[in-house]
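*Asks:* Residues in the sequence shown are numbered consecutively from 1, following UniProt numbering.
Hints are not guaranteed to be accurate.
When the alpha-carbon atoms are kept at most 20 Å apart in a straight line, the in silico SDA-like pairs for lysine to any residue are as follows [claimed, not checked]:
1) Lys61 to Ala97
2) Lys61 to Asn150
3) Lys61 to Val146
4) Lys61 to Lys24
5) Lys89 to Thr70
6) Lys61 to Thr116
7) Lys89 to Ser113
8) Lys24 to Ile35
9) Lys89 to Asp125
What follows is a list of derived Cβ distance ranges for each label pair [unchecked claim]:
10) Phe79 to Leu48: 35 to 41 Å
11) Glu68 to Glu114: 20 to 26 Å
12) Thr87 to Gly140: 26 to 32 Å
13) Pro64 to Asp141: 26 to 32 Å
14) Thr116 to Glu68: 52 to 58 Å
15) Asn49 to Asn129: 34 to 40 Å
16) Cys43 to Leu153: 23 to 29 Å
17) Leu44 to Leu153: 33 to 39 Å
Because the hints were derived from the structure by calculation, they are not lab data.
A virtual CB, placed ideally from N, CA and C, is assigned to each residue, including glycine.
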Amino acid sequence: MQQPPPGGYPPQQPPAKNNSGCIKIGLIVLAVLAILGLIGGGCLVFGLNRAVDEIETQTGKADPSDYELTGPECSNDEFAGPTANGTLKNTSGESQAFEVSVRFTDADGNLISEDTTFTDSIDADQTANWEVTTFETAEGDISCEVSEVNYSLFDG
């Protein structure tokens, strides 16, 4: 048996390791990841909002100041049915395609059909012809009117 050192106390044991340094590093890494996630999420939301705004300016109801419409001139073809045509001038200041919807009615005002056509992309201050044909049967006189003009992403 070994004698205790003078003074009567046994040798001191090294302090126990508590891994507090690893926990601190882990918390710092988590904080950095959270901040990067918030920044990335904010950028994603901002980018999506810009994309939605861009789509909304290129689709949906067209501002009347962005186009000049002539027509419609209506006819009733015995094979193709009611037809309407006209021209559309792009006054938006940039290249844009449009969607033209036409409502066809008979002499009594009853709806025959409502149909749509798309223009090709029209350069600024240029004009394009449009034509809408419905294959519905209509007897007698017909009327037609443009019911709506929308921006379009699709060329006709």
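*Asks:* A separate judgement is required for each hint: does it hold in the structure or not?
*Replies:* Hints, verified against the model:
Restraint check: the Cα-Cα separation between Lys61 and Ala97 comes to about 12 Å, which is no more than 20 Å; the hinted pair holds. Between Lys61 and Asn150, the direct Cα distance comes to roughly 4 Å. Compliance with the 20 Å bound is thereby established for this hinted pair. At roughly 13 Å between alpha-carbon atoms, Lys61 and Val146 fall within 20 Å of each other, so this suggested pair holds. A threshold of 20 Å between alpha carbons decides the hint, and for Lys61 with Lys24 the separation of about 56 Å lies outside it, so the pair is violated.
With a CA separation close to 9 Å, the supplied pair Lys89 and Thr70 stays within the 20 Å bound. A C-alpha spacing of about 14 Å is found between Lys61 and Thr116, which places the hinted pair at or below 20 Å, so the restraint holds. Taking the CA atoms of Lys89 and Ser113, the gap is near 25 Å; set against the 20 Å cutoff, the hint is violated. Distance check on the hinted pair: Lys24 and Ile35 sit about 17 Å apart at the alpha-carbon level, within 20 Å; holds.
Taking the CA atoms of Lys89 and Asp125, the gap is near 6 Å; set against the 20 Å cutoff, the hint holds. In this structure the hint that Phe79 and Leu48 lie 35 to 41 Å apart at CB is violated, the actual value being about 48 Å. Our hint of 20 to 26 Å for Glu68 and Glu114 holds, since their Cβ atoms are close to 22 Å apart. In this structure the hint that Thr87 and Gly140 lie 26 to 32 Å apart at CB holds, the actual value being about 27 Å.
A hinted range of 26 to 32 Å holds for the C-beta pair Pro64 and Asp141, which are about 29 Å apart. One distance hint, 52 to 58 Å for the beta-carbon pair Thr116 and Glu68, is violated here, with the actual separation near 19 Å. In this structure the hint that Asn49 and Asn129 lie 34 to 40 Å apart at CB holds, the actual value being about 37 Å. For the pair Cys43 and Leu153, the beta carbons lie near 25 Å from each other, so the given range of 23 to 29 Å is met.
For the pair Leu44 and Leu153, the beta carbons lie near 23 Å from each other, so the given range of 33 to 39 Å is not met.
The structure fails to meet hints 4, 7, 10, 14, 17 from the earlier list, while all remaining hints are met.
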